[in-house]
Each structure stands twice: as C-alpha cells, then as structure tokens.
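*Asks:* Residues 1 to 289 (the working numbering) are what the sequence shown spells out, left to right.
Just so you know, nobody snuck in bad clues.
Once the Cα atoms are required to be at most 20 Å apart in a straight line, the calculated SDA-like pairs of lysine to any residue come out as: (1) LYS241 - THR202; (2) LYS281 - PRO243; (3) LYS120 - ASN88; (4) LYS281 - VAL244; (5) LYS68 - ILE141; (6) LYS241 - ASN167; (7) LYS40 - GLN119; (8) LYS173 - LEU26; (9) LYS146 - ASN105; (10) LYS40 - GLU123; (11) LYS146 - ASP178; (12) LYS274 - PRO243; (13) LYS146 - TRP275; (14) LYS146 - ASN104; (15) LYS40 - ASP58; (16) LYS68 - ARG23; (17) LYS68 - LYS146; (18) LYS32 - ASN61; (19) LYS146 - LYS281; (20) LYS120 - GLU36; (21) LYS173 - TYR27; (22) LYS120 - PHE166; (23) LYS40 - PRO172; (24) LYS274 - ASN76; (25) LYS281 - SER74; (26) LYS68 - THR25; (27) LYS68 - ASP24; (28) LYS120 - TRP29; (29) LYS68 - THR280; (30) LYS241 - ARG165; (31) LYS146 - VAL244; (32) LYS120 - SER37; (33) LYS241 - PRO205; (34) LYS120 - TYR194; (35) LYS241 - ILE209; (36) LYS68 - PRO269; (37) LYS274 - LEU249.
If you're looking for bench data, these hints aren't it; they were derived computationally from the structure. These figures come from a predicted structure and were not determined experimentally.
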Amino acid sequence: MMKLQLIFILLFSFTTMALAQTRDTLYLWTGKVPGESLPKSNPVQTDNTSGNVTRLTDVTNPALVVFKPQTALSNNTAVIVCPGGGYNILAIDKEGYEIAEWLNNLGYTAFVLQYRVPQKQAEALYDIQRSIRLVRTNASIWGVEKLGVLGFSAGGSLSARAATRFNEDTYPKSDQIDQASSRPDFGLLIYPAYLDNGENRTLTPELSISEDTPPLFIFGTADDTYGNSGLVMAGALRDHKIPVELHLLPEGGHGYGLRPGNIAAETWPDLAEKWLETVTKNLTAESRK
Numbered sequence: 001m002m003k004l005q006l007i008f009i010l011l012f013s014f015t016t017m018a019l020a021q022t023r024d025t026l027y028l029w030t031g032k033v034p035g036e037s038l039p040k041s042n043p044v045q046t047d048n049t050s051g052n053v054t055r056l057t058d059v060t061n062p063a064l065v066v067f068k069p070q071t072a073l074s075n076n077t078a079v080i081v082c083p084g085g086g087y088n089i090l091a092i093d094k095e096g097y098e099i100a101e102w103l104n105n106l107g108y109t110a111f112v113l114q115y116r117v118p119q120k121q122a123e124a125l126y127d128i129q130r131s132i133r134l135v136r137t138n139a140s141i142w143g144v145e146k147l148g149v150l151g152f153s154a155g156g157s158l159s160a161r162a163a164t165r166f167n168e169d170t171y172p173k174s175d176q177i178d179q180a181s182s183r184p185d186f187g188l189l190i191y192p193a194y195l196d197n198g199e200n201r202t203l204t205p206e207l208s209i210s211e212d213t214p215p216l217f218i219f220g221t222a223d224d225t226y227g228n229s230g231l232v233m234a235g236a237l238r239d240h241k242i243p244v245e246l247h248l249l250p251e252g253g254h255g256y257g258l259r260p261g262n263i264a265a266e267t268w269p270d271l272a273e274k275w276l277e278t279v280t281k282n283l284t285a286e287s288r289k
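Modelling step: build the complete structure from the supplied sequences, incorporating the hints.
*Replies:* Pasting the structure below:
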C-alpha cells in the first residue's frame with residue numbers, strides 16, 4: 001500500500017510540475033517591485049526535496065501561475081492559491097500546483113501565487129493584494145465574476161491577512177490595477193499558522209475583523225502544533241458574526257496538502273468542495289465589495 005501511495009505522489013508531483021512549466025505566468029509588478037531591494041530574478045528551487053515536495057525560495061519577482069479549467073466545467077469563479085512554507089520557502093507543488101489541478105476539476109480557475117520569501121511577510125501582503133487586484137482588473141479575460149483565496153500554513157496566514165486588511169493601502173499605488181479592490185469574496189484556511197500571535201495566544205493583532213470580512217472556511221487538526229490558530233480565528237469571526245465553517249479532526253498533523261495516506265488530507269477537500277459550492281452560490285453583487 002505504501003509503495004502505491006509513493007508512486008502516486010511521485011507521478012502527481014512530476015505531472016503538476018511539468019504542467020506548471022507550460023502554463024501562463026503573470027508577473028505582478030511591471031516596474032519596480034515595491035519594498036524589494038534585490039533585482040527581479042527567477043525563484044530558486046532548493047535542494048531539499050524531502051517528502052517529495054518541490055520548494056522555491058528567493059522570490060523577488062512575484063507571479064501568478066494560471067490554471068484554467070475545461071470550458072465545459074468553468075463556473076466563473078477563481079481562487080488564488082497561497083502555498084505554505086513558514087514564509088521561508090513555498091511548497092509549490094504540494095500546496096500549489098496540485099491544489100490548482102484539484103480546483104480545475106471542480107470548475108474553478110486557479111492562480112498559484114509565488115509570493116516573496118524568505119522572511120518578507122510585509123512584502124508578501126503587498127503581493128497577495130496586488131494579485132487580487134490584477135485578477136479583478138482582468139476578470140473578463142479569465143471569465144470570472146467571483147474571486148477567493150485559499151492558503152496552507154503560512155499561506156493560510158497570508159490569506160487571512162488578505163481577508164482582514166483589504167482596507168489598508170499597504171504599498172504605494174502605481175497604476176490602474178491598484179485602483180481595484182483587494183478584498184477577496186471568500187477564503188479557505190487549511191491548517192493555517194500564525195493567527196494566534198496575540199497575548200496569551202489570542203488573535204494576532206494585525207488581523208482586523210470587521211463587518212466586511214468575507215466568509216471563511218477553516219480546517220485543521222488537534223495534533224497540529226499550529227492548531228490553535230484556526231480555533232482562535234474561528235472564534236473571532238464568530239464574535240463578529242462573520243460566516244465561518246470550522247472543522248477540527250483529532251489527527252493529521254501539519255503540511256499534508258491533499259495527498260493520499262493522511263486522514264486529514266483525504267477529508268478536507270470534500271468538505272471544502274461543498275462549502276465552496278454553497279458560499280459562491282450565495283454571493284451577491286452587494287457582498288462582492
């Protein structure tokens with residue numbers, strides 16, 4: 001059984017990486033990248049491939065890799081996928097390209113975000129806000145009307161920041177794209193981290209929840225070192241009467257993506273699929289601010 005799972009993982013990783021190399025790449029910043037002191041260059045793939053994960057670092061030219069569903073499946077909704085990696089690296093296949101393929105099969109257009117790492121949390125927020133604005137500005141090209149974010153671990157932290165800090169001008173606006181809203185219509189946080197950095201493990205202070213915070217789906221496990229993050233975020237959303245769906249399994253750990261062989265990895269996709277179908281159906285023009 002373990003051999004079959006390993007073969008599946010290797011084949012899936014190889015296929016998604018090969019596909020990603022042939023897909024459209026949208027670079028976020030046409031001129032100077034705000035807050036970036038290093039010149040634009042291709043991200044670096046690390047030598048660490050443990051767990052059959054491809055890791056990128058040294059991102060100085062943030063980009064979106066585009067995954068389009070078959071026309072017959074398209075549901076006019078897009079999702080920006082934020083891989084995790086502790087804000088040091090991006091687990092680009094396990095929590096990026098493989099997730100995008102899954103979303104495509106459900107009819108969603110997916111954009112995998114290569115945000116800035118290592119340790120550029122402020123700049124990573126610039127990148128996700130710019131990416132939301134970029135997709136919104138070109139929504140007619142992609143045939144999308146609704147746009148959400150989905151993040152894993154540190155990518156879950158970044159998605160939560162995007163869902164709560166959209167009213168802030170975090171970087172200098174430079175063109176028409178920056179006039180668009182950076183508020184996502186919905187968000188999914190899968191084993192999110194760093195959301196409980198407040199005093200006594202309360203909500204991280206930068207996460208400002210308001211009546212305009214979009215609905216969120218949160219999934220985690222009790223044995224995850226970062227498991228408290230999702231609980232704290234869900235509680236804060238509930239206190240502000242923001243729609244939230246929380247799932248907490250007893251086991252599963254952290255960093256499992258959607259690969260087989262882990263109960264959590266095999267559980268969250270079905271739950272997320274049903275939630276996505278419901279929340280996107282209920283979105284109105286008034287709620288898409």
